[in-house]
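**Q** Here is how the chains run, residue by residue.
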Amino acid sequence: MLDSLIIGAGPAGLAAAVASARQGLRVRVVDEFYQPGGRLLGQLHQEPDGTWWNGLAEAARLQQEAVEAGAEIRCGVSVFHVTRQDTSWIVSTSEGVMEASMLLIATGASETPVPIPGWTLPGVMSIGAAQVMTNVQRVRVGTRGVIIGINILSVAIARELLLAEVKVDRMILPAHSVISGDASHPVAVMQSMLRIAHLAPSPLIRMGSKWMKSTWMQRLGTALYPSRGFSMWGIPIQLRTAALAIIGVNQVEGVRIAHITPDGQPVSGTEQIIPADFVCIAGELSPLAELAAVAGCPFAYVPSLGGHIPIHNERMQTPLDGLYVAGNITGIESAKVALAQGTAAGMSMAFSHGSLRDPHVLSDSIKQIEIVRNNATLQFHPGIRAGRMQVGLMAAERSL
Amino acid sequence: MNARIMKHPILGERDPGKTMQFTFNGCAYSALEGETVAAALLASGIRTLRVHEEKGTPRGMYCNIGHCYECRVTINGIPTVRACMTLVEESMIVEAGTVLPTPLQKGGHHGCLIP
Amino acid sequence: MESHRVIVCRCEEVSLADLIETASSYSCTARELKLRTRAGMGCCGGRTCRNMLDQVIEAVTGQKPDHAVSLGYQPPVRPMSFQLLGGRK
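Protein chains in written order, with full-length UniProt numbering: chain F, 1 to 400; chain B, 1 to 115; chain E, 1 to 89.
It is worth saying that the hints were derived from the structure and are not from the lab. Some hints could be false.
[Claimed, not checked] Now the stretches of chain B that chain F is said to cover, found in silico as 3 or more residues with beta-carbon under 8 Å: (1) 42-50; (2) 60-67.
[As the list claims (entries may be wrong)] With a straight-line cut-off of 30 Å between C-alpha atoms, the simulated DSS-like cross-links for lysine-lysine are: (3) B:Lys7 - B:Lys18; (4) B:Lys7 - F:Lys367; (5) F:Lys336 - B:Lys7; (6) F:Lys367 - F:Lys336; (7) B:Lys18 - F:Lys167.
All C-beta atoms in this analysis are idealised placements derived from N, C-alpha and C, irrespective of residue type, glycine included.
I would like the entire structure built from these sequences, with the hints used as guidance.
**A** See below:
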């Protein structure tokens, strides 16, 4: 029987596999996708020092390390149920039943869209879909597109599309609806972009920190005024324009847009239809915790971490015997934090197993998560620490 | 314009690998090694992968990572296979989902095939 | 309102208008909203729209999500053939 089964071959799952297999555990990693790497696979952005973070290369490196450490990686395997039976976890998959004494769920996140009328038309896709199609599958998603939703992720991916010579006509906001929230509110969007700019000379933006602190913020501030917005790498970013509907008969043909007031209301008489053959919808990410739920794990609802989080302690243990979590399922943060969490989860499993005896190795790996978080050039949400503390307290209440 | 990104300023050249043939709704298409069904069809300009089983509205790839199931097709006779998660294999037979009959529903119909 | 015509649940083609009307008429929970409209009960298992259903309930009834997950998860969390569930591949 396996000592540890890891669901999800993203940064957290692979790092956990490396750490635990190196400690001598029998480890298997399964993933639905045909290639390991998870959300690392599409990532491509420039660090403040000018070097590129290439998620594909990171994934290949982790895969190699995991295999060299003795872990087995199986792709194209979908897990549809997990249950605890006596002293082991029974994992039902599309490739049959697997059994392990410890289970790590590292399934990452899914995108919560902001829907626009017409968004079911072929040619409309999530922003993450465009990223994977461009950087992993290396096929252009269209010849002229519109990105609906302006946030740190969509701005980063807009640039990736540009690198692949995919024309992004403009980035605009979704039209206001009762469920669009802050995403359709120009001032709120500007503030969230400014917050990110202030916290980090973003690795996503080529110009570097100096430019960020001056022109970038200034431009954002003034962007509320001329409604045509400002440009980044030649892509117009229009905080004062909203997508009212996506137009097309059998597939995307265009987007009906209008100017909006600073609080997001359309200005009458400004409607027009712009041509497009693809549209990307950029929403928020939320932890993909369905397998933790069917396992019976209790949750904490923490908006700053992206929604419902399986309760876990700093050793990444849940209240369920032998069930661990790591990566974006524990809260939306960068891939580097997920990597550090994965390593800690791997050490934690090895410690529980008994093959790792030195508690300092485990505690150092836990401390490393915070070091990585502090050094992160990109903070997804200002409330991450408070949110993590809340989850930690809820774990402590359960004597975890 | 060639939809395939053979050269990339950061990721470098794409290895074309071998070319494979497959069919979608009876028409022949080609794919490069390592392309998913969704990617290979998109590279040939095909975005509609199925129609809604009840309403008949056209659908294509949406999330591209296996979460939304919008790109589900029938492959070699097996239904509900995600085109975004499945690599093309030589001589693969891919079929779009069609409208299904809903005779028991109020105002229901007996279904029709998309052209 | 145009924004109400937008489809929220892509699998079952349930519109925002349907959801708002149901949530208002029954002043219900996200779970009841799902059962009444079928939103979140399609092929994807609600992975795409479940958070939006919570948002509709919050907008209409003021009920905010709490620690318990409002829309339960049931296995299988992926559509699986009866053949596979029956133990044959």
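**Q** Could you run down the list of hints and mark each one as holding or not?
**A** The hints, checked one at a time:
Note: the segment 42-50 of chain B has 5 residues with beta-carbon separation from chain F under 8 Å; the three-residue rule is met and the coverage holds. With 8 residues bearing a CB less than 8 Å from a CB of chain F, the segment 60-67 of chain B meets the requirement of three and the coverage assertion stands. Distance hint between Lys7 (chain B) and Lys18 (chain B) is fulfilled; the C-alpha atoms sit about 17 Å from each other, no more than 30 Å. Distance check on the hinted pair: Lys7 (chain B) and Lys367 (chain F) sit about 41 Å apart at the alpha-carbon level, beyond 30 Å; violated.
For the given pair, Lys336 (chain F) sits about 28 Å from Lys7 (chain B) by alpha-carbon distance, which is consistent with the 30 Å threshold. At roughly 14 Å between alpha-carbon atoms, Lys367 (chain F) and Lys336 (chain F) fall within 30 Å of each other, so this suggested pair holds. Between the alpha carbons of Lys18 (chain B) and Lys167 (chain F) the distance comes to roughly 29 Å, so the proposed pair stays at or under 30 Å and holds.
Going through the hint list in order, the structure does not satisfy hint 4, though it satisfies all others.
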